[in-house]
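There are 4 protein chains.
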Amino acid sequence: MRSPIPDFLDATLERHRYDLSGATADYIPDLAAADPTKLAICISTLDGVEYDSGDADFEFSIQSMSKPFIYGIALEALGLPAVLDKVGVEPTGEAFNELSLDKTSGKPLNPMINAGALTVHSLLGGEGATLAERTEIVRAGLSRFAGRQLRVDEHIAAGELQEAYRNIAIANMLRSYGVITDDPDEVVRGYINQCSVLVRVKDLAIMAATLAGGGTNPLTGERVLSPRVNRQVLGVMMTCGMYDAAGDWMTEVGVPAKSGVSGGLFGVLPGQLGMATFSPRLDKHGTSVRGAKIFRSLSADLGLHIMNAPEPARSIIRRDRRFVDAKGDMVRIVSLQGAIQWAGAENVMREITAPDEAVDVFALDMRRVYSINEVARRMVVEALRRLEDEGKRVVLLDPENAMGCSGQDSALPDVEIVDSPKELRDLDLRGLRRVRDDFADQTS
Amino acid sequence: MRSPIPDFLDATLERHRYDLSGATADYIPDLAAADPTKLAICISTLDGVEYDSGDADFEFSIQSMSKPFIYGIALEALGLPAVLDKVGVEPTGEAFNELSLDKTSGKPLNPMINAGALTVHSLLGGEGATLAERTEIVRAGLSRFAGRQLRVDEHIAAGELQEAYRNIAIANMLRSYGVITDDPDEVVRGYINQCSVLVRVKDLAIMAATLAGGGTNPLTGERVLSPRVNRQVLGVMMTCGMYDAAGDWMTEVGVPAKSGVSGGLFGVLPGQLGMATFSPRLDKHGTSVRGAKIFRSLSADLGLHIMNAPEPARSIIRRDRRFVDAKGDMVRIVSLQGAIQWAGAENVMREITAPDEAVDVFALDMRRVYSINEVARRMVVEALRRLEDEGKRVVLLDPENAMGCSGQDSALPDVEIVDSPKELRDLDLRGLRRVRDDFADQTS
Amino acid sequence: MRSPIPDFLDATLERHRYDLSGATADYIPDLAAADPTKLAICISTLDGVEYDSGDADFEFSIQSMSKPFIYGIALEALGLPAVLDKVGVEPTGEAFNELSLDKTSGKPLNPMINAGALTVHSLLGGEGATLAERTEIVRAGLSRFAGRQLRVDEHIAAGELQEAYRNIAIANMLRSYGVITDDPDEVVRGYINQCSVLVRVKDLAIMAATLAGGGTNPLTGERVLSPRVNRQVLGVMMTCGMYDAAGDWMTEVGVPAKSGVSGGLFGVLPGQLGMATFSPRLDKHGTSVRGAKIFRSLSADLGLHIMNAPEPARSIIRRDRRFVDAKGDMVRIVSLQGAIQWAGAENVMREITAPDEAVDVFALDMRRVYSINEVARRMVVEALRRLEDEGKRVVLLDPENAMGCSGQDSALPDVEIVDSPKELRDLDLRGLRRVRDDFADQTS
Amino acid sequence: MRSPIPDFLDATLERHRYDLSGATADYIPDLAAADPTKLAICISTLDGVEYDSGDADFEFSIQSMSKPFIYGIALEALGLPAVLDKVGVEPTGEAFNELSLDKTSGKPLNPMINAGALTVHSLLGGEGATLAERTEIVRAGLSRFAGRQLRVDEHIAAGELQEAYRNIAIANMLRSYGVITDDPDEVVRGYINQCSVLVRVKDLAIMAATLAGGGTNPLTGERVLSPRVNRQVLGVMMTCGMYDAAGDWMTEVGVPAKSGVSGGLFGVLPGQLGMATFSPRLDKHGTSVRGAKIFRSLSADLGLHIMNAPEPARSIIRRDRRFVDAKGDMVRIVSLQGAIQWAGAENVMREITAPDEAVDVFALDMRRVYSINEVARRMVVEALRRLEDEGKRVVLLDPENAMGCSGQDSALPDVEIVDSPKELRDLDLRGLRRVRDDFADQTS
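Residue numbers (UniProt numbering), protein chains in the order written: chain S, 1 to 444; chain C, 1 to 444; chain U, 1 to 444; chain G, 1 to 444.
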């Protein structure tokens with residue numbers, strides 16, 4: 001059976017195929033000459049499955065879409081403070097090719113404008129890095145995001161260098177403010193190499209999925225960015241990624257995204273997917289016309305907006321039963337389900353911390369919990385610890401070790417961990433046997 | 001047993017209590033006279049449970065924190081186009097009291113700056129609404145967010161009116177551009193009434209939780225905003241809520257938020273919680289110093305940043321088994337678990353649409369699915385429909401009707417819906433009886 | 001005989017009469033309703049003779065043309081420092097109705113923009129002055145410039161007040177910055193009264209001629225502004241008078257000027273004339289279209305540009321003769337001519353301070369000097385003093401007392417002052433009689 | 001006898017010598033290393049006499065002071081429209097090193113900012129001019145203003161080129177907008193050569209005097225700029241010369257001026273003098289601290305402000321007498337004096353065009369007129385022509401041919417021109433002899 005997803009993507013492309021508005025970038029020969037009929041889309045899941053439609057294997061230069069990735073690479077290499085000291089994170093209403101430097105410090109307002117991206121590039125490899133070194137850091141870094149070896153298109157780079165007046169202007173202005181300390185000419189050459197790395201929408205979708213997955217490449221499994229840096233990159237894309245249409249984009253589309261003048265556009269839906277389109281005709285902001293429209297369609301059709309409230313969830317607490325065991329002890333068994341973050345953990349904690357003098361044995365059934373984050377885990381541990389402090393016997397039914405507890409867990413020294421209802425029954429919870437079938441039924 | 005959450009909030013407040021930096025707003029007498037030692041926090045869950053610490057019952061004026069709520073109310077009443085025609089959604093690097101009008105149209109850049117908020121206020125009640133009518137729309141609307149009847153503090157309003165030169169300036173400038181069409185003086189009076197509505201951090205937390213829950217008040221269950229409007233409000237808060245420190249806030253804290261010069265500050269973590277703080281001393285941006293620091297602490301401690309990638313989830317597919325039934329038909333039973341959004345549905349679809357000539361009967365076990373959103377539901381329906389088209393028999397084990405299917409579902413006319421494994425067995429899947437115990441065990 | 005000047009003015013008006021471009025101001029009812037065919041010009045000499053053509057007796061409101069005059073009145077009343085403390089003198093590229101406040105201090109950039117003019121108006125009469133008092137100061141002050149009693153048109157003022165949103169906005173913004181300390185509403189009302197004073201081009205030409213003549217009204221002979229204040233007003237008009245077209249105006253037309261949205265326009269050529277036009281249709285800067293074109297014509301035709309270098313002057317030294325008198329003393333007689341400023345005085349000084357041991361008697365013939373300014377006078381006095389110090393006898397032939405010397409002049413205690421060549425001959429310059437005829441001839 | 005002018009200049013320098021505020025320009029090695037104690041002044045008269053004090057022979061680089069001169073050279077070579085098409089004439093509040101380009105066209109706002117000066121430089125020699133050609137045009141052109149051969153200091157130029165990041169930035173930005181069409185690097189090199197031409201205050205004073213004299217070098221007598229271009233240069237200096245302190249400078253000092261970061265500063269008082277100072281310590285605007293203070297002193301002390309109204313002049317009409325000649329004809333003799341511009345000519349015209357049926361012969365005595373400009377000349381000619389039209393006999397007593405009339409003057413075909421009172425008497429104005437002595441006396 002054919003998956004309906006490719007059909008859906010095909011249909012989406014067709015809906016926008018004959019929109020001829022916009023024009024290819026005119027200031028770079030290779031971009032001006034791009035075939036404006038090319039149209040492609042690719043969506044990558046967090047486990048690296050890709051759905052594509054159209055000219056998904058067509059290669060084009062990455063251009064400004066390199067900015068968030070190289071920002072991440074620089075943050076990893078140099079640390080947040082060193083980079084923030086040089087480039088801010090504030091949005092600017094100005095177009096991407098204006099200077100947008102802080103009036104006082106001359107510091108670029110953010111890394112998504114050219115001034116910021118040139119500065120970030122200049123930091124690669126540390127002071128004194130050569131053009132070749134910086135170019136290789138860029139190429140190798142972008143390749144790690146893409147999960148395959150990318151390459152610089154020397155012809156495109158040569159063409160851009162011919163017309164790089166604006167970037168030369170910006171780099172020299174930055175040098176005059178002391179923001180860039182190396183030779184501005186070398187920085188521009190390196191940055192143009194960065195912009196000239198060739199990608200396909202398939203690569204961009206994987207690169208986006210790497211950000212969506214918290215920094216881990218879904219194809220290679222490599223951790224490219226740490227969670228903190230990954231969050232920083234997404235935060236900056238969210239506020240500064242779409243230049244002067246940021247507000248419109250974030251209300252209408254609602255995914256952190258980045259476009260390039262080659263016609264590429266990619267977006268990140270954290271925890272779900274990476275997505276990319278290609279269509280060379282640009283609007284006045286330099287963003288692909290059909291690409292942006294496809295993103296709008298998909299955001300609406302697939303409910304991708306990050307501000308969409310999730311559907312009302314069933315309670316994280318699936319069952320909450322009490323039994324008297326053979327010894328006459330009151331046994332309480334709370335069964336959890338789903339993904340537990342702060343809100344879920346709060347829900348659990350609220351239930352299990354309600355004053356309950358009668359209970360002697362507290363059992364937490366984690367079998368249907370399919371994820372729990374660190375904060376939630378710590379909250380549940382703390383709740384169990386408090387129950388122990390109150391003198392209760394605590395049992396954890398956690399065959400897949402969702403809680404990550406072991407007998408050595410210092411926080412919960414006395415917790416008893418079992419792998420199945422049977423084991424639970426086998427604890428000397430005498431009399432519990434009596435409720436066994438009922439329990440089994442409920443949980444089956 | 002005492003919940004650790006209040007302890008944690010108490011500890012957080014104590015950590016920041018002796019930070020004396022900043023100053024109370026000096027241009028409004030009642031604000032200048034505010035007790036700067038006041039300190040409070042409240043977190044509300046999506047089911048309306050509130051955790052608070054400090055002066056959580058202390059009342060203060062809502063000030064600019066009214067802006068997103070009244071924006072939502074105006075959007076509901078007038079529709080998006082009518083409001084977007086008057087007020088943009090683009091961020092501005094300028095301070096909140098500057099004009100920030102679009103150079104060409106005179107339209108305020110966004111509804112979070114005073115020019116935008118005054119314009120939004122002027123739209124309430126339609127052309128010709130009186131001051132009293134607008135004030136009541138505001139009071140009643142904010143009350144619906146708070147889940148209790150709020151009131152305007154006339155004394156504060158009178159004091160602000162005395163010093164309302166800047167708002168009078170802005171309203172008149174807007175009137176001169178034709179953005180406001182009513183009497184600017186009336187608009188300012190109404191807006192000051194809006195700013196003078198009294199709230200407690202407890203109210204703000206519920207108001208924030210209403211936004212976090214997609215527009216539904218967790219206390220009253222009332223749907224205050226439609227999902228589309230709710231998303232618009234959050235989108236604008238995200239890009240424009242923190243004025244000229246937007247980028248820093250969204251990278252560091254990562255929750256849409258809004259502050260008021262009275263010292264209040266609230267934030268929204270969609271799908272999880274609403275949160276509010278109160279501390280009157282302000283930084284140069286007019287944001288509560290301790291409030292902002294507490295938000296930074298909690299964002300880090302509780303992992304609240306919206307760009308945090310969720311923990312790697314276990315697969316949405318819990319089991320995928322095949323049996324041969326008594327008739328010799330190949331039966332496949334796929335059991336799902338957790339919350340299913342696009343990414344999960346894609347995962348399911350991928351599995352069930354893989355070419356599989358051998359299967360005659362396909363059963364989908366939805367019992368452990370605790371939420372599924374509309375897009376995912378449609379995707380699964382489409383996959384099942386295609387299986388039917390291929391001539392397979394399709395059975396849905398969905399006792400809680402997560403899929404929302406009925407026999408009349410036009411998309412799936414032939415699907416058989418059962419409520420329990422027993423029913424599944426009772427279908428004339430002869431021979432399936434043979435695998436029954438195994439199946440029961442696996443799924444229990 | 002008819003003077004050719006009126007013919008020339010008539011011809012100039014005719015050349016521009018059928019230029020229908022521009023539009024009357026649309027935001028004030030009385031201005032919008034103005035008869036756009038009206039066309040007038042008037043030039044006033046420094047002795048108050050007026051040449052006019054067209055609708056020269058038509059009355060219209062003075063509007064922004066009041067700004068430089070009221071600036072002068074405020075400077076006289078309060079002194080330069082008090083006014084400069086509130087309003088700057090820097091040009092702004094922005095349109096007249098923008099705020100144009102200094103980013104830091106909130107101080108209006110100059111008194112020719114509305115923010116500055118409102119602030120200047122607010123200073124009139126000192127703190128606590130009433131609306132009526134300020135209005136009368138304005139009316140009386142403008143009347144002194146015009147040389148006749150002007151009046152406020154209450155109907156125009158009432159109409160402007162209806163639509164005064166922008167000025168109310170500006171005044172309130174200024175109040176919020178503490179630049180204006182009185183009630184902003186009263187200030188706006190007073191300023192609108194100021195703008196509603198009725199004038200004719202005839203009045204404006206006299207008002208302009210008052211500035212051209214150093215502050216003295218050519219009709220009444222009243223000194224309205226001191227020279228220092230008059231210079232300040234002209235300096236500000238020169239850099240800030242024509243808003244955002246200042247550079248174009250000062251290179252093309254080259255006279256300090258000011259326009260009003262009623263259609264009036266006046267210009268000042270210091271030392272020569274005042275000039276005014278009236279034509280209600282305005283360009284996008286709010287300046288009369290035909291008025292500006294007429295100014296351009298006249299500047300070119302009449303050589304009015306203040307940066308026109310004067311024609312090469314004949315030497316200020318008309319004759320320099322030496323004679324031996326009867327006693328055998330060498331007598332030197334230097335005859336000056338024309339208007340002497342610094343450059344002329346330098347020329348004189350250079351000649352008379354050249355080492356010249358032979359001369360015993362030095363006579364300076366001032367009869368053909370028709371003006372000498374203070375600096376030049378002091379320079380000549382100093383030169384003569386030095387001659388005396390060298391032991392020479394100094395005689396001043398100055399029948400009209402151009403040098404303002406008397407026997408009591410402390411700087412020149414010993415100078416001998418004579419009224420005619422005959423007196424000079426009658427001094428006991430014996431032997432001079434011998435050269436008398438020659439001298440008489442030369443100087444006749 | 002020693003002239004008091006040098007003493008005065010010496011005293012002025014001494015008054016400011018120990019003002020140590022400001023700092024030498026730090027971004028160009030040779031400027032940073034400049035001896036900050038150097039102090040010089042020079043004033044040049046319009047006939048090329050120079051008064052100097054201090055280190056008047058010290059050579060320094062001309063820097064930005066080259067801008068107005070090269071602007072003039074470009075205007076002469078290419079015509080106003082070609083240059084205005086590339087560079088505007090509007091002032092900007094921004095500092096000299098900001099881009100200050102027109103938002104829409106990318107055109108530099110004026111030729112006094114670096115963007116404008118680079119563009120003007122790029123126009124020299126036409127499209128395709130080489131660096132060497134442009135440098136020689138600059139060197140030769142500045143030399144014509146200075147009246148001696150100047151030279152480029154290669155060492156300074158090499159030093160500036162090392163740190164020319166900002167100019168490279170600006171030139172490349174201009175190239176990206178198509179304002180500059182040549183290689184931006186070559187333009188910067190040429191412009192730095194322009195800035196590195198060596199001058200002394202003595203040279204600058206002569207250069208300034210060339211502008212003050214309408215474009216004619218007072219030393220060499222060469223006409224360097226046409227009057228129209230000269231006026232354009234001065235107009236732009238007046239509105240844009242002093243960057244963001246333009247308003248303050250024009251109200252306080254009141255002479256068009258230009259400073260350079262080397263510490264030089266020159267000013268132009270049209271029709272009177274050129275003036276220059278040198279002192280390397282600069283204020284935050286990049287203007288010499290002591291230089292600016294000396295200009296303020298001198299403007300006040302010497303009454304140099306261009307908006308100073310001239311002292312009230314004696315009437316241009318010295319005598320107006322009537323006689324009856326021997327034939328019984330009424331003869332009117334009007335004697336003029338001084339410098340006649342429009343205002344004077346108007347005065348004359350007014351008198352001689354008053355209805356006066358009785359007069360048969362009209363004589364105009366021009367002997368005491370020491371200058372008359374073209375407009376005034378045309379006005380007087382027109383008045384005389386009209387008298388002739390009325391049938392009057394017109395006689396011009398104009399021994400120095402101030403009116404530039406000859407027998408062939410087509411406008412005045414019948415005027416009789418005489419050289420002396422005697423000639424006037426000798427015309428067959430019979431009976432005039434009778435009044436001869438009286439006339440002779442009055443005019444002697």
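Derived from the structure by calculation, the hints contain no laboratory data.
All figures in this text were calculated on a predicted structure; none of them were measured in a lab.
Careful: at least some of the hints might be erroneous.
If chains are identical, the list can't say which one is meant, so a pair holds when it fits in one copy or spans any two.
Unchecked claim - Straight-line Cα separation of at most 30 Å, DSSO-like style, residue types lysine-lysine; simulated pairs: (1) 202 / 293; (2) 284 / 103; (3) 103 / 293; (4) 284 / 422; (5) 103 / 38; (6) 327 / 284; (7) 293 / 422; (8) 38 / 422; (9) 202 / 284; (10) 202 / 327; (11) 422 / 202; (12) 422 / 103; (13) 327 / 38; (14) 103 / 202; (15) 327 / 293; (16) 327 / 103; (17) 293 / 38.
What hint numbers does the structure not satisfy? 4, 5, 6, 7, 8, 10, 11, 12, 13, 14, 15 and 16
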